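Participant: Top line first, the protein sequences correspond to chains Z and D. Okay, so the first sequence: first residue is 14 according to my numbering, each after it adds one. Okay, so the second sequence: first residue is 609 according to my numbering, each after it adds one.
To be clear, the hints were calculated from the coordinates, so they are not data collected in a lab. Treat the hints loosely; a few may be bogus.
[Claimed, not checked] Straight-line C-alpha distance at most 20 Å; calculated SDA-like pairs for lysine to any residue:
| no. | chain 1 | residue 1 | chain 2 | residue 2 |
| --- | --- | --- | --- | --- |
| 1 | D | 864 | Z | 285 |
| 2 | Z | 287 | D | 808 |
| 3 | Z | 287 | D | 614 |
[Claimed, not checked] Rough simulated footprint, nothing fancy, chain Z against chain D, three-plus residues with beta-carbon under 8 Å:
| no. | region |
| --- | --- |
| 4 | 740-748 |
| 5 | 768-777 |
A quick note: this is a predicted structure, and the numbers were derived from the prediction, not measured. Positions of the beta carbon are idealized from the N, C-alpha and C atoms, including for glycine.
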Amino acid sequence: MSAPLLVVDQLAISFPAEAGRVRVVDRVGLSIAPGETLALVGESGCGKSITALAIMRLVPRPGRIETPSRISFDGRDLLSLPVTEMRSLRGGKIGMIFQEPMTSLNPVTTVGSQVLEAIVLHTKVSAGEARRRVIELFEMVGIPDPAMRVGAYPHQLSGGLKQRVMIAMAMAMRPRLLICDEPTTALDATIRAQILELIRNLAATTGTAVLIITHDFGVVNAVADRVAVMYAGQIVEEGTREELLGRPRHPYTQGLLRSIPRPEARGRRLEEIKGAVPRPGQWPAGCRFHTRCPVAFTGCYTEEPVCTRVSPTQAAWCHLVAEEARP
Amino acid sequence: MTGSSNLLELRALRTWFPIRTGVFQRTTGHVKAVDGVELTVHRGETLALVGESGCGKTTVGRTILRLVDSSGGSIWFDGVNLSALPVAAFHPYRRRMQIVMQDPGSALDPRATVRDSIAEGMEAFAIGAGHDERTARVAELMRKVSLDPDTMWRYPHEFSGGQRQRICIARALAVEPALLICDEATSALDVSIQAQILNLLADLQAERNLTYLFITHDLGVVRYFATRVAVMYLGRIVELGPTERIFTAPRHPYTKALLASVPSLDPARPALKPSALGDVPSPANPPPGCHYHPRCAVRLADCSRQDPPVVKFADGMCRCVLASGEVGARV
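Start from the sequences, fold in the hints, and give me the full structure.
Facilitator: The following block contains the structure:
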């Protein structure tokens, strides 16, 4: 495997609360190789979106990235980078797409000029060259009639087309990393399939690494090479797509996959994960999942689980997995 | 009350919204959100109404409840033509049809306690004698949906999304409905919470013989949960049939495209097969002939000119000219 493009290590993000600062993300580690697609999966409030924002150094105040967090991209330490250099990385070598294409686009300018702006901001090209590049990009992301559509306003485009415009904008500077936060959640099923195929193809043809944030295991299976599962601000399991969907080891990953309604489960009760996700700041001691875990035992209530490797590519943070792995 | 197995029947139901333009707000066209829908819901079943955004599935639910006015056709509930009833005569029927919506956060009054939210319907329909008896019933309903009755004096913001959806279900059940319209009732919930709510709905149905009209875009939930499925596209039902048949042997090209777009969870089969071309057209200006023809991979020359025939089968119907070649009589 080639050297990783992005490495996140010991990431901790805190927000102020009534009783001091609360860590909404803690000891998160990730790495993505060039051309690889990593899915970061979890339920709402688990910290997956704020992790993505931290990589772009966009954690909103009063949130703070705590020491000893480390984020390196292409060999450079992002957390100590001057603001101006960070700004040119964003939208340059790191592209981003968000869930709501409607709110990410400016409603009073044409979509073509918005993509043009991104190109002109990052490179010195003539207006004519930039315009040609926009039409090329629109063609690449599968927008029909690209030469005509550059003159369209966002409200004139469907949700699927708007998301294609967002992808064109993110791909404008040939980024090495594309961060997608729930890119298909607001889209219809038939359009979702088209957009996922587009992301998959772009990653394969351009060699762009992709970090995709999602709560949907169907999306994971459609695009990811590797998967990391987050719960209550921490990563609880990671592995290849085949490993996590086929042989999940952490009780949380197993519970999530079992609670998805599947045709085989028809007529039977769905397996639930009891209770609800605890709120930040009310995270239980020991393993944070122990209050909902069907197989928790004494050690889980007091001690934080450590990383247990179960294969060269799969690891789980779970006391039970550690017990079973002991020789 | 009749003994018929049909609880709800929609006959040629139309809900058109006028498009007004210019200074004089003249009506220049219509958004045909619901355009000739024929549908029968059997007592005790779960009928799933599926389709993409803008297909009119939510408007069907709202029209049944008279939250929007229909423009034509009729709605029969328990053998009574509701469309012919004036507002006052309709009121008692409204008690027997309740709705649970997608976003439990905005469906509840943030300034009302959970007790008051759940008891509101009982007050409107004079169920239970007085404040204390209603409070006792609220406690019973909260236990039924696995909420702690001691929390009934709290406000919605103190509950999680899943708990709020339980409050909405308790509120709907408070007036003892026969029909529960679930409009994307589990779509905003996390998957582990969705499983809890689906199990709760299944238990309630078994216990009270409730009938569900389950409006959703999530085909995984439909295959797990529904008795029959109606597929809607641009205001019309294009296919209807029992759940397993729809999923294993779909007849309409649109149903086939929808099913192909469901991402698989099998790591051995990751690939998606996007088979519907382009986007859903605007319901204000649907394509002529078969509304689906511009996106259809198997269209014939006539599909852009002629309305597709409604082909009836023993287990349902399909609105497609290709289905008329199969066994079944052309209508």
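Participant: Each hint: holds or not?
Facilitator: How the hints compare with the structure:
Annotation: proposed proximity of residue 864 of chain D to residue 285 of chain Z is violated, straight-line Cα distance about 30 Å (limit 20 Å). Of the pairs offered as hints, the one joining residue 287 of chain Z and residue 808 of chain D holds, with about 13 Å between alpha carbons and a cut-off of 20 Å not exceeded. At roughly 37 Å between alpha-carbon atoms, residue 287 of chain Z and residue 614 of chain D are farther apart than 20 Å, so this suggested pair is violated. Residue count for the region 740-748 of chain D with a Cβ under 8 Å from a Cβ of chain Z: 0. That is fewer than the three needed, and the coverage hint is violated.
Residues of the region 768-777 of chain D with a Cβ under 8 Å from some Cβ of chain Z number 4, which satisfies the need for three, so the listed coverage holds.
Taken one by one, the earlier hints fail for this structure at numbers 1, 3, 4, listed in ascending order.
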